[in-house]
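Sequence order for the protein chains is V and Y. Per the numbering used here, the very first residue in the first sequence carries number 1; after that it's consecutive. Per the numbering used here, the very first residue in the second sequence carries number 1001; after that it's consecutive.
It should be emphasised that the hints constitute simulated quantities derived from the structure, not laboratory data. Values in this document were obtained by computation on a predicted structure and should not be read as measured data. Take these hints with a grain of salt, some might be off.
What the hints assert, rightly or not - Covered stretches of chain V (chain Y as the covering partner; in silico rule of three or more C-beta atoms under 8 Å from a C-beta of chain Y):
#	stretch
1	76 to 83
2	97 to 107
Said to hold, decoys possible - With the C-beta cut set under 10 Å, the calculated list includes, among others, these residues of chain V facing chain Y:
#	residue
3	Ala-51
4	Leu-53
5	Pro-73
6	Tyr-88
7	Ala-144
8	Ala-304
9	Leu-349
10	Asp-351
11	Lys-353
Glycine included, C-beta positions come from ideal geometry on N, C-alpha and C.
Chain residues, written in single-letter form:
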Amino acid sequence: MATLTLDAISKKYPNGHEAIKHLSIDIADGEFIVIVGPSGCGKSSLLRMLAGLETVSSGELLIDGNRVNEKEPAQRDIAMVFQNYALYPHMTVYDNMAYGLKNRGFGKQEIAQRVERTASVLQLDHLLTRKPRQLSGGQRQRVAMGRAIVRDPKVFLFDEPLSNLDAKLRVQMRIEIKRLQRELGTTAVYVTHDQIEAMTMADRLIVINNGAAEQIGTPMDIYDSPQTPFVASFIGSPSMNFLDGELIGDQLRLGSESITLPKKHEFEGAVKVGIRPEHLHRFDHDQERFSLNLNVQLAEPLGADTLLHGVVPGANGADVELTARLRGEYRDVSDEPLRLGLDLNDLHLFDSKTDQRLATC
Amino acid sequence: MAPQLLVTLVFFIWPAGQAVWQSFLVEDAFGLSTEFVWFENYAQIFTDSRYYHTLWTTIIFSAGVTLMSMGVSLLLAVMADQVVRGAQVYKTLLIWPYAVAPAVAGVLWLFMFHPTVGVLAYMLDTIGIEWNHFLDGDQALLLVIIAAAWKQISYNFLFFLAGLQAIPQSLHEAAAIDGAGPGRRFFTITFPLLSPTTFFLLVVNVVYAFFDTFGIIHAVTKGGPGDSTRTLVYNVFDDGFVGLDLGGSAAQSVVLMVLVGLMTVVQFRFVERKVQY
C-alpha cells in the first residue's frame, strides 16, 4: 500500500536522446495506472525508472513520500512483472516465488505459508514442483504474477505482461489481473501499447507520445474529450477519423458544406475535425442537420457491427479516408455513396496549428 | 559408402586398430623381429608402479589445468561481459593465446620462469620464494599446469562469454528486484544458468589436459625433473619413441583410449542430467 509521486521526471540518455520529458503525476494508494503509447514512446523507460533499473536524469520520485531516486531496486519494495516473465528457468515454481522472500531473510515456515497462499489464489497449487519450461504461457504468466504478489510489495509494476499470450488468454488474464489488484488494493503501474487493455484496466491513464504525457485522466474522460489529435486517434478502436475544416463563429465549414454547431468556441480559423467511427450512423432524414457521403470501398463484418472503410469528398475536392462503425449487417451493393449522419455533440475540434482541443464557452 | 564413413575409417578406425594390434606384439629394438605375446604388454603396465605414479601425476595435472583454466576464464568472461566500451578489443586480446602453438606457449612460460633469466622467477625471488623448476618437481608440475591452462583460457573464455550473453538481461533485473545482491545473483542465477556450458567445457578441458598437452610438457620439462611431470601421454611417447618399446607404448595408448571413453560416459550419464534445466 503506497502512494507514488512523480515530480518532473526526465530521462536523458548519454547519446542525447530524451526518452521522458518532465512527467509529473500523483498516484493515489491502491490506484491502477496504465501508461499507454506507441512503441518507442518512452513508456518502458518510465517504468524501468520507477523500478530502479534505470537512473532518473532529473526530477523526483517518491514512494510513500520518501525520495527513492538513489535507491536500489531491492530497497524500493516494488515488484515487477516482465514482458517475457523472466522466470528463473532452473528453479521450480515454488522456488521462483520463494526466491525474493529468501533473499529478504524470511523464515522457512513463513515462506512456505506465503507461497502456498499465493499459489492457491492463483490456482498454481498443483504446479509448485514444476519447472517453467513445463508450463503453458498462461501458467507462466500466473507464476510471474505470483512472484510479484507473494512479497506483498508497495507497488506492482507491469511491463506489457500480456503481449506474449494469445487473444483469448489475454482477455482472461486482463480480467484476472484487474480483479487481483482490486482485492489486494496494491498500487499498480501498468505499461501497454494495447488501447483496449488501457481502457479496460485503468483507473487513470497516462497517454505518452515522444516522451511527454499528452494527457492524464480516467479512460472515459480521455475517450470523451481527448486533448490532442494523437490521444484521440490512439484511444478508441478503430481510430478516430480526421477531416480538415474551418471554424467561423459557430459555423463549421467542412468541404462544401457549412454546419451550425450547437456549442460556441472562442476560436476562428483552421481546425481538425475528429469523428469517431462508432458515432457515425445511417442517415435519418427527420433528425439530422449534417451528413457525409461515404464511398464504401471495403466492409468488414464483425458480427454485431460492421466496419466500413471508404472515402468522403474533402476540401479542395480531394478524397479523405474515413472509417465508420455501423450497427448490424451492411448489405448495400449499389454504387451510390452511403449517407451517414452524426450527432454534432460528438464532433471533436482541434486547433490545426497547436494540435490542442478547442474549449467550448 | 558415405564419404564421412570412409574418413572415419581411414583416420580413426584403422590407426586405432593398428594400435590395438601392436599392443599384442613385442618387437626388438632394431625392428627385425616381432613376436605375438597376447596380453603380456598389458600385464607389464599394470604391474609397473611407475605407471601408477604417472597416472596419479596425470590426475593432478588434469585437475589443475581444468580448474585453473576454467576458473580464470570464467572470471575474465564475467568481467568482459560487463564491459560496454571497447568490448571487441578485450575479446580479441583474450582470444589471442589460442593462436599460439603449444610448444611456443610452453617456451614462453619456460623463459618467464627460468631460474637464471626469468622475469617471474626473479620477482618470486625478491619476495623470498626460491623458484627452480629444474630441481623442484612440484614447481615443475605447477609450471606446466600454468602453461597448459593459459593455452586453454581463450577457448573457455569464448564459450563462457557466449553463455553469459545468452542469459536474458531481464533475469538479472528480476533477481535484483527480488533483493539479490551482485554476488548472490551470480551464484543463484548466473552460475546455475551457465551449467550446461560449464559441463561442456569440463569435458573438453579434461580431454585436453589428458591428450593435448604433450607439446607443452615436451617443450618445458620433458617429463622431469625425475618423473614429476610425466603424464600418461608423455609416457606413451617416451616409452615408444625414445625407449623403442612399441608394443608397450601401444598398450598404453589403448588403455588411454578406454580411460577417456569411460570418463566421457561417466560425465554424460551422471553429470549432464544435473545440469539441464
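Tell me, in ascending order, the numbers of any earlier hints that this structure violates.
8, 9, 10, 11
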